[in-house]
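Participant: On the provided structure of chain A, position chains B and C as indicated by the hints.
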Amino acid sequence: MQSPVEIVQHSGGVIGVSWLMIALPLLGAAILLLGGRRTDRWGHFLGVAMSLAAFVVAVVSFVEILGLPESERRRGIELYQFIPGIADMGLLIDPLSISFALLITGVGSLIHIYSVGYMSHDPDRRRFFAYLNLFVAAMLLLVLADNYVALFVGWEGVGLASYLLIGFWQFKPTAAAAAKKAFIVNRVGDFGLLIAIFTVWTTFGSVAFGDLSGATVSEAIGSGGASQGTITAIGLLLLLGACGKSAQLPLQSWLLDAMEGPTPVSALIHAATMVTAGVYLVVRSGAFFEAAPTAQLVVTIVGVATLLAGAIIGCAKDDIKKGLAGSTMSQIGYMMLGAGLGPVGYAFAIAHLITHGFFKANMFLGAGSVMHAMNDEVDMRRYGGLFSVMKVTAVTFIIGYLAIIGFPLLSGYFTKDGIIETAMEHNQILGWLAVVGAGITGFYMSRMIFMTFFGKKRWADDAHPHESPSVMTVPLVILSIGSIFLGAFLILDNRFMKFLAPAVGAPEELPAFHFVSTAGLATLALVAVGAAFAWFRYGAAEVPRVAPRGSFLTTFARRDLYGDALNETLFMRPGQWLARIAVFVDNRGIDGLVNGLAATIGGTSGRLRRVQTGYVRSYALSILFGAAVVVGALLYVGNM
Amino acid sequence: MTTHYLVLSALLFAIGGAGVLVRRNAIVVFMCVELMLNACNLAFVTFARQHGNLDGQLIAFFVMVVAAAEVVIGLAIIVMIFRTRRSASVDDANLLKY
Amino acid sequence: MGETITFWVLAVVSVSAALGLVFSRKAVYSALMLGVVMLSLAVLYAVQDAPFLAAVQIIVYTGAVMMLFLFVLMLVGVDSADSLVETIKGQRFWATIAGLGFAALLALGAGNMVFAPAKGVGAVQEAGGNVPALAQLIFTRHVFAFEITSALLITAALGAMVLAHRERVRPKATQRDLARARFTGPQPSPLPGPGTYALHNAIDMPALLPDGSVSPQSINRVLARHEQEDGVRPTDPVKAALVKQVIDKDVAIEEDVAATEAAHQEDAK
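Protein chains in written order, with the numbering used here: chain A, 61 to 700; chain B, 57 to 154; chain C, 41 to 309.
By construction, these hints were calculated from the structure, which means they are not laboratory data.
No residue lacks a Cβ here, since even glycine has one placed at the ideal position from N, Cα and C.
Each hint can be trusted.
If you anchor each label on the Cβ, the simulated ranges turn out as follows:
#1 A:G686 with B:T59: 21 to 31 Å
#2 C:S190 with B:M57: 28 to 38 Å
#3 B:M57 with C:V183: 24 to 34 Å
#4 C:W48 with A:R669: 42 to 52 Å
#5 C:M153 with B:R142: 45 to 55 Å
#6 C:W48 with A:I661: 51 to 61 Å
#7 C:E295 with B:T59: 50 to 60 Å
Reference excerpt, derived from the structure (chain C facing chain A, CB under 7 Å, subset only):
#8 I128
#9 A138
#10 G141
#11 F142
Bound-form chain A, shown alone (with noise of 0.2 Å):
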């Protein structure tokens, strides 16, 4: 087993000035919202320009980290105080921290270079790319931060810029309510996070994540500082934290909703980076899982049990975007199930995750590129026939699907057969499991495939599909690319795995690429069957334009396997009833209690001002009563 190594403090190169990558897409927002409308002509290609140069950093620093020695590669950067007495600003550049980066800095700029085109119609596209650019600002100081007080801000940054560009077209309703539904699921984690960072706090008197190693974890074990128990609820408190914004179970509602927001956010946000960052916590939080085994068994229960329903409610979509949604919340599932693996996991997951935002933010870019052919039609069943009018687009959406099913030889292939096979090692059920949502991802990604390029035409009568602009197409190319070749790079050899190793630990005996397996072989198998079953239902027979009612699985799926009426039925409704009751207090008890009052007081004075007459003789009565009482009382007195 080799752990993490210590973290260096870095001065100078690159990587010294390594918060340019956050400062300039900063910059870049603040520009343009800032600017107004007076940006508005090349509001977009700054945008661009400033994600490129966070790009730019990222590899420089990327290539400058391959240029130190292993037990160097851990470079920390101490920027300024930032809580004083708590936590110092600082950023973490190893080899975790700048794969994401690279990630984020390199899907968000091909993805920023595709708003342009997908964007260019509409009239706000200066806000739009304010919002990409403060997202990617707030990814990077999320994954680049060395303690969790900023990982926080950061993961709070991402949560207010997918609420502002799934609300971007605020003037739909539906949207409106998305944002506001990603928001607030968002919350629940963002609370679960925050407390694990109390605790840990408290526990260990230090938020950086050099400060909290495996060793000092085992260490406070050992010497009675911190309970297995208290190891355990930090596990689940960050897990809680990872499920919000990850999208998995049971915080899982509010990701098939974000797609209200511009396709390009669905790709860059909801697909690629942000989604993810459960999983870097998780990964990045291995110190604490590793030593909670119950919280490392619950992180896989919650990554199969997501990657299952992920996939089943993929199935059922018609919504090409929803059908893609599903899918990334399944992948996660998988990246989940591998981050609860320990360190073979982590390698594993993380490749998978760096490769999903390849395919993943391809497809989605694909299907924007479908949509925007198609009027922003979404129904999959008003498609069908579109290959031979968008080439380029069926093509590089078609490798992101075969490498999405694990195609032999392809980036999903690799990734994604690494998880099951450690998964198959460590746990039979979930390693099965597993096996069987990779079968389902191969029968509704084909579904998706007949239903969207092959078939009958059954287009909308004003629909004329044509192939996207170039500024559109190339970003696709480029990460179809990625998409067949990156898996086999970082799997192969253990590249990625030792790359990483520095930062999360690596097994002794590194795993070596099984070509022929049982899990392998089964997963291949049951693809292959989903693919034949997708054929025979989508592919070879005719697909009816409005969806058929449907057996009780599929209104199941539709229904998003009623995570909404769960929710609604155990948190709005009683929420609802509280505020009820809340309300009916309020306006019976407290104010019946106030108005009463005054009421009372009204009413008593309306009485006792009757007593005011008019007539002087009811007032001489009163005036001869009191003085008969005065002359009572003097002679008692006197005689006393």
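Facilitator: What follows is chains B and C alone, placed relative to chain A:
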């Protein structure tokens, strides 16, 4: 004898007070007030005799002077009210109420 | 002994007169009853060695104040306020309770006290009698109070003048105006006096017209109303009808005035 005078004074005072309460004609009410003042004067004179100094008589004298002034003003008010309201009833002047 | 007899006689008289003051229906009787009480008290003052006060009581109270009362009574005239029917609910009951209770309390208080034999004021007025002794007190010890009472009296006189003063809002009618009003009115000639051509010339007899019938214009309204209030009805049916006609006219005018005033009050509200 002092007690007798005082009891007489008390009776007259109480009768005057009851009269103020039951009569409606402002002039009669006023007369009842005068009766009460007179009853007081009787008590003063009686106490002067009881204590053997003239202060009681002196106070009674001042009471008479003040009562005279009061009657003048009171009757003027009654006449004025009667002029505007055509009524000398104290119950008719009852607008100052709830 | 003489004082005892005087006291008891005057006590009975004054208490009866006081009760009469409260219970008599007509204000004039009340005024007279008050006069009786005041005179009785004057005598009682005299009996108690206060001759000056007795004189002042008679001169100021019975002479001036009572006359002022009667004068205003005549000015205000008879009024429905003289009715003894109680209008405020429970007022009479509670007034009785309060009056009796107050009397009982005071009487008990006075009766329970144990008095030493009265000293009498003879000792202090040896020099020249009651009046010089009082004068000495008034002009020495109480001179400021006395001066203030003079200011009070002047103020009261001025106040009465101001209150009773009525601003003239239209010019005084000249003889010319009066003559014009008379000849533009319905009756230029003087009204027939009572008793004209009648068998009697008493004031309550209406005048007869040349054809022997009764002239309604000759009936004295005040007398007619008094007769009606006293329950005296003219025996002659013709005269009774005429009296009724005159009174009804009077009442109609009063009601008219009352209605106008009510309307004014409504407006004021």
